[in-house]
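Peer 1: One-letter residues, chain by chain:
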Amino acid sequence: DVKVTQSSRYLVKRTGEKVFLECVQDMDHENMFWYRQDPGLGLRLIYFSYDVKMKEKGDIPEGYSVSREKKERFSLILESASTNQTSMYLCASRPGSQPQHFGDGTRLSIL
Amino acid sequence: GQNIDQPTEMTATEGAIVQINCTYQTSGFNGLFWYQQHAGEAPTFLSYNVLDGLEEKGRFSSFLSRSKGYSYLLLKELQMKDSASYLCAVRSSGGYQKVTFGTGTKLQVIP
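Order-wise, the sequence lines are chains A and B.
The opening residue of the first sequence carries number 57 in this note's numbering; numbering runs sequentially from there.
The opening residue of the second sequence carries number -5 in this note's numbering; numbering runs sequentially from there.
FYI, nobody ran anything at the bench for these hints, they're computed from the structure.
Every residue, glycine too, gets a C-beta built ideally from N, C-alpha and C.
Take the hints with a grain of salt, since some may be wrong.
Unchecked claim - Heads up, simulated EDC-like pairs for lysine to aspartate or glutamate below, C-alpha to C-alpha not over 20 Å straight-line:
{"hint": "1", "chain 1": "A", "residue 1": "K59", "chain 2": "B", "residue 2": "E35"}
{"hint": "2", "chain 1": "B", "residue 1": "K92", "chain 2": "A", "residue 2": "E118"}
{"hint": "3", "chain 1": "B", "residue 1": "K100", "chain 2": "A", "residue 2": "D94"}
{"hint": "4", "chain 1": "B", "residue 1": "K92", "chain 2": "A", "residue 2": "D107"}
{"hint": "5", "chain 1": "B", "residue 1": "K100", "chain 2": "A", "residue 2": "D160"}
{"hint": "6", "chain 1": "A", "residue 1": "K69", "chain 2": "A", "residue 2": "E135"}
{"hint": "7", "chain 1": "A", "residue 1": "K113", "chain 2": "A", "residue 2": "E135"}
{"hint": "8", "chain 1": "B", "residue 1": "K75", "chain 2": "A", "residue 2": "E112"}
{"hint": "9", "chain 1": "B", "residue 1": "K92", "chain 2": "A", "residue 2": "E112"}
{"hint": "10", "chain 1": "B", "residue 1": "K92", "chain 2": "A", "residue 2": "D115"}
{"hint": "11", "chain 1": "B", "residue 1": "K92", "chain 2": "A", "residue 2": "E86"}
Unchecked claim - A partial selection of chain B residues facing chain A, derived with a Cβ cut-off under 8 Å:
{"hint": "12", "residue": "F27"}
{"hint": "13", "residue": "E35"}
{"hint": "14", "residue": "A36"}
{"hint": "15", "residue": "F39"}
{"hint": "16", "residue": "Y42"}
{"hint": "17", "residue": "L81"}
{"hint": "18", "residue": "Y90"}
{"hint": "19", "residue": "V93"}
{"hint": "20", "residue": "F95"}
Model the full assembly from the supplied sequences, consistent with the hints where possible.
Peer 2: Take a look at the structure:
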């Protein structure tokens, strides 16, 4: 079974902090994704990566950056957290054109 | 770009059949996915359609009409555990095969 692991289920940070969300997958998938999910807006793609050290902007990249130094790990970085970045963050991975597998999500609150 | 529409909420009775519709507009189509998401949990993959027609998988079936930009998810013999959000997602035919999600349909199954 595919396992996508996000480092924290719940996280509380303060405005202006630099925040790191970590995601690890154990199935050697090329493609990894970061989404945020908000009521009424659904899942929105922030960034994705199709290979090590490669990254592409999704639909809402502003205020975020990503890092993929190893194939199994994809990190989302909030450079200077703001209250409008309070959300559920979901990481996903997939091999080639197969369906995505999601992690359990990180519920991030910015105070 | 892509635009995906699905009803926000639906209610159905235990043991009944329910159909959740999804319409989409996309500049290049390369498949449609349905995911199930229980409250507070990650989305899980249900079905995939890339050609017109019906795909059946136990109590769940999914239909696609590419010419109409239309899909539906059919749930038979509803059970209380089917209460969840159902997400329609469309994959583009571009190089990165980006997947865009609808806002989801929250299904409540009542006794």
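Peer 1: Each of the hints needs a verdict: does it hold here or not?
Peer 2: Comparing the hints with the structure gives:
1. A/K59 to B/E35: holds, 14 Å
2. B/K92 to A/E118: holds, 18 Å
3. B/K100 to A/D94: holds, 14 Å
4. B/K92 to A/D107: holds, 15 Å
5. B/K100 to A/D160: holds, 19 Å
6. A/K69 to A/E135: Judged against 20 Å, a Cα distance of about 12 Å means the pair holds.
7. A/K113 to A/E135: holds, 15 Å
8. B/K75 to A/E112: violated, 37 Å
9. B/K92 to A/E112: Cα-Cα ~11 Å, so holds.
10. B/K92 to A/D115: holds, 10 Å
11. B/K92 to A/E86: With a Cα-Cα distance of about 14 Å, the restraint between B/K92 and A/E86 holds, given a limit of 20 Å.
12. F27: holds, 6 Å
13. E35: holds, 7 Å
14. A36: Holds. Min distance 4 Å.
15. F39: holds, 4 Å
16. Y42: Holds - the Cβ of B/Y42 comes within 8 Å of chain A, reaching about 6 Å at its closest.
17. L81: holds, 7 Å
18. Y90: Check passed: Cβ of B/Y90 comes within 6 Å of chain A, closer than 8 Å.
19. V93: Since chain A brings a Cβ to about 7 Å from B/V93, closer than 8 Å, the hint holds.
20. F95: holds, 4 Å
Checked against the numbered hints listed earlier, the structure breaks hint 8 alone; every other hint is satisfied.
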